[in-house]
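Chemist: Here the protein sequences line up with chains A and B, keeping their order. So for the first sequence, the working numbering puts the first residue at 6; every next one is plus one. So for the second sequence, the working numbering puts the first residue at 6; every next one is plus one.
Just so you know, these hints were derived from the structure itself, not from any lab. Hints should not be assumed to be uniformly reliable.
Copies of the same chain look alike in the list, so a pair counts if it fits in one copy or across any two.
In the BS3-like style, the derived pairs of lysine-lysine whose C-alpha atoms are separated by at most 27 Å in a straight line are [what the hints assert, rightly or not]:
(1) K417 <-> K81
(2) K242 <-> K107
(3) K213 <-> K242
(4) K242 <-> K417
Number of protein chains: 2
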Amino acid sequence: MNIPDYMEQVGRQARSASRAMARADTATRNRALLLIAAAVERDAALLQAANQRDLDAAHAAGLAAAMVERLALSAKAIATMVEGLRQMVALPDPIGEISNMKFRPSGIQVGQMRVPLGVIGIIYEARPNVTVDAAGLCIKSGNATILRGGSEAIHCNRALAAIVAEGLLGAGLPAHGVQIVDTVDRAAVGALITMPQYVDVIVPRGGKGLIERLIREATVPMIKHLDGICHVYIDAKADLEKALPVAVNAKCHRYGTCNTMETLLVDRAIAASVLPLLAPLYQEHGVELRADPTALAILQAASYPHLTAAVEQDWATEYLAPILAIKTVDGLDAAIDHINTWSSHHTDAIITEDYSDALRFLREVDSASVMVNASTRFADGFEYGLGAEIGISNDKLHARGPVGLEGLTSLKYIVFGHGQVRV
Amino acid sequence: MNIPDYMEQVGRQARSASRAMARADTATRNRALLLIAAAVERDAALLQAANQRDLDAAHAAGLAAAMVERLALSAKAIATMVEGLRQMVALPDPIGEISNMKFRPSGIQVGQMRVPLGVIGIIYEARPNVTVDAAGLCIKSGNATILRGGSEAIHCNRALAAIVAEGLLGAGLPAHGVQIVDTVDRAAVGALITMPQYVDVIVPRGGKGLIERLIREATVPMIKHLDGICHVYIDAKADLEKALPVAVNAKCHRYGTCNTMETLLVDRAIAASVLPLLAPLYQEHGVELRADPTALAILQAASYPHLTAAVEQDWATEYLAPILAIKTVDGLDAAIDHINTWSSHHTDAIITEDYSDALRFLREVDSASVMVNASTRFADGFEYGLGAEIGISNDKLHARGPVGLEGLTSLKYIVFGHGQVRV
Numbered sequence: 006m007n008i009p010d011y012m013e014q015v016g017r018q019a020r021s022a023s024r025a026m027a028r029a030d031t032a033t034r035n036r037a038l039l040l041i042a043a044a045v046e047r048d049a050a051l052l053q054a055a056n057q058r059d060l061d062a063a064h065a066a067g068l069a070a071a072m073v074e075r076l077a078l079s080a081k082a083i084a085t086m087v088e089g090l091r092q093m094v095a096l097p098d099p100i101g102e103i104s105n106m107k108f109r110p111s112g113i114q115v116g117q118m119r120v121p122l123g124v125i126g127i128i129y130e131a132r133p134n135v136t137v138d139a140a141g142l143c144i145k146s147g148n149a150t151i152l153r154g155g156s157e158a159i160h161c162n163r164a165l166a167a168i169v170a171e172g173l174l175g176a177g178l179p180a181h182g183v184q185i186v187d188t189v190d191r192a193a194v195g196a197l198i199t200m201p202q203y204v205d206v207i208v209p210r211g212g213k214g215l216i217e218r219l220i221r222e223a224t225v226p227m228i229k230h231l232d233g234i235c236h237v238y239i240d241a242k243a244d245l246e247k248a249l250p251v252a253v254n255a256k257c258h259r260y261g262t263c264n265t266m267e268t269l270l271v272d273r274a275i276a277a278s279v280l281p282l283l284a285p286l287y288q289e290h291g292v293e294l295r296a297d298p299t300a301l302a303i304l305q306a307a308s309y310p311h312l313t314a315a316v317e318q319d320w321a322t323e324y325l326a327p328i329l330a331i332k333t334v335d336g337l338d339a340a341i342d343h344i345n346t347w348s349s350h351h352t353d354a355i356i357t358e359d360y361s362d363a364l365r366f367l368r369e370v371d372s373a374s375v376m377v378n379a380s381t382r383f384a385d386g387f388e389y390g391l392g393a394e395i396g397i398s399n400d401k402l403h404a405r406g407p408v409g410l411e412g413l414t415s416l417k418y419i420v421f422g423h424g425q426v427r428v
Numbered sequence: 006m007n008i009p010d011y012m013e014q015v016g017r018q019a020r021s022a023s024r025a026m027a028r029a030d031t032a033t034r035n036r037a038l039l040l041i042a043a044a045v046e047r048d049a050a051l052l053q054a055a056n057q058r059d060l061d062a063a064h065a066a067g068l069a070a071a072m073v074e075r076l077a078l079s080a081k082a083i084a085t086m087v088e089g090l091r092q093m094v095a096l097p098d099p100i101g102e103i104s105n106m107k108f109r110p111s112g113i114q115v116g117q118m119r120v121p122l123g124v125i126g127i128i129y130e131a132r133p134n135v136t137v138d139a140a141g142l143c144i145k146s147g148n149a150t151i152l153r154g155g156s157e158a159i160h161c162n163r164a165l166a167a168i169v170a171e172g173l174l175g176a177g178l179p180a181h182g183v184q185i186v187d188t189v190d191r192a193a194v195g196a197l198i199t200m201p202q203y204v205d206v207i208v209p210r211g212g213k214g215l216i217e218r219l220i221r222e223a224t225v226p227m228i229k230h231l232d233g234i235c236h237v238y239i240d241a242k243a244d245l246e247k248a249l250p251v252a253v254n255a256k257c258h259r260y261g262t263c264n265t266m267e268t269l270l271v272d273r274a275i276a277a278s279v280l281p282l283l284a285p286l287y288q289e290h291g292v293e294l295r296a297d298p299t300a301l302a303i304l305q306a307a308s309y310p311h312l313t314a315a316v317e318q319d320w321a322t323e324y325l326a327p328i329l330a331i332k333t334v335d336g337l338d339a340a341i342d343h344i345n346t347w348s349s350h351h352t353d354a355i356i357t358e359d360y361s362d363a364l365r366f367l368r369e370v371d372s373a374s375v376m377v378n379a380s381t382r383f384a385d386g387f388e389y390g391l392g393a394e395i396g397i398s399n400d401k402l403h404a405r406g407p408v409g410l411e412g413l414t415s416l417k418y419i420v421f422g423h424g425q426v427r428v
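So that you can see chain A by itself, here it is in the shape it has in the complex (with noise of 0.2 Å):
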């Protein structure tokens, strides 16, 4: 296969049918998703024998024990897979809003009307569940999709491929409406991020790495999400009635999602009195606490037993484990100017009873989700009311924070007009 003039056809083919997807109206699309919610259910059994011979191939690879458990298809994930698609078609349409329409001086009224961004790539890694949540959140927003999955998934994003196209052709829509990208010749992925002609925005869900080259390569704009360093700052006048189960819960509600808490910030004033308080909660739980002097000081005279120095590299790691740097700050501005410096812009928040520190912390901390008084967990786009979710950005561009169906639309603007020209 020649990768070149293959992935110049998908993204030809997606751009064509681009047009037929944002043409269609709410009825169409929904039809679509509930038809391929019912060929899933359908064909279960077929699309648990391809995931079975993606399986076999991991294992004869020797591929990591958590790569193969995200490869596989369970009988509960598919039912969660037909009940995602199902949740979407509830969702409200956001695509054909009209907003703003103002009349000018001039007699033309002008207002903006919400439109979907056209062909929309995701690269993600091989978790063959989110073919089914891509496709369904694309054809919901009235946007082509070209999916280019993990390579270990191939069989059983083939046998999701063929039911998507046969839900779109069912309720009259292009079947390249969602197209995956069937080779596993890595070159498709450079192809796929440098075709701005074809491709509108590039979505990548993966790992650190993966990112990073497509920084460094894509030509295509891209909804990007990096790392998650997320801080708590407990300041002087926290209620520790909040303080201590958010502080806890922002570390070990899960270890491993990137709006965990990373660093946690304390007022120097509290700093003796809280962080004996907080030891035996993070204790019980197992953390490992890397702290700075102060705040090590105050730990190793409450005796606690998986403690070491906090060095400037802890302040940039997102370790992803119970691991908690501690650091000891002189109030807001300290605590500010740390979180602006080292966090990753993703999730930070205050505990505080104090009206005005809360508010300059919301105004002044420069990242996608900036919270009082709430655990940094929160930071997700069903817990925001979003619906779904297609990915995080920690841009600052188009769309910030938890992606739902907005972000994968435009504003245009839009005039109507009784035959004026400008003078």
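Guided by the hints, dock chain B onto chain A, whose structure is given.
Modeler: Quick look at chain B alone, frame taken from chain A:
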């Protein structure tokens, strides 16, 4: 001067200043604008002397007359700059605006806050008035700015930069809130567009050659405008009382602007009645017509003097001159298809009294501005009521169409909690 080191320093200073710019309240940012306006008035003679040095050098170097004209800083241009700054003061402050705060079932309340993008890099030609306009818009929107104007304007830009710095300091803002790149070395542009750690977005204002170079080389996202191949489509159901003035205004009001019509589409069913009415109007303006076979025959019969047969390249050409391509099409679908194939996705208009055709055109034409019964010349920040315009975006992500202050901002999520944790 070592350019990489110098630009690294400029970038670091901008990032550092951006925090104070973002933190500054409305009154402080407005005060800076007023101080700059007053200093520009005070130092008008000094600015014109600096401009004269640039003009002398331009004449000596044999610069094209059009370029020299743009370079000149007349008394009127100075008055317009000052007036522009004072108008920005009157615009509502976009920063800090909180919207859509909604309670979620978990008890947290989630919404969004409008915040500055951070550091804006602006690359433009040798037009000293842009230095002050762009600086003003960025100050108003709470951003730090790095300005890279055409090297031919370096003396005037240095004088303006000193005035801007004086205004910033007078208002208690950092002098590095606005910096000019004080070198004529072109390597500085290459550095500016590849330091995403310091620059959040690049706004290029200039010719197609410059923009194409930036697209190839930039790793910082851009809000960019490439070209304007705009269409007016006269539908079979058009009211000719509206069609004729709009078709003339869209072409003849200004030839060199990006929102000028370059191709006129006419429904075949009415071509023989419309084109003979349009011909004398275009003839009055000395417009050369390049017509497809059907239109050509009609216009030949009407003895139109400046007439040639259109070739495919005409559909893809931004003339910026008294030249118009004309094509007859078989109805709405063919018109939309032509536009979506050949338009630069800038601005396209339909002239029709048909409700369904108007709504389909608005929805299906994939351009930044789509109009019914109005001249494409209205696609402009001031005409749209944005109050000011930093540029026009042909991109779909982030800002599309005329870009005002909001385009220089971003929405972050904010959460009001009361100790909530994720369960």
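Chemist: List, from low to high, the hint numbers that the structure doesn't satisfy.
Modeler: 1 and 3
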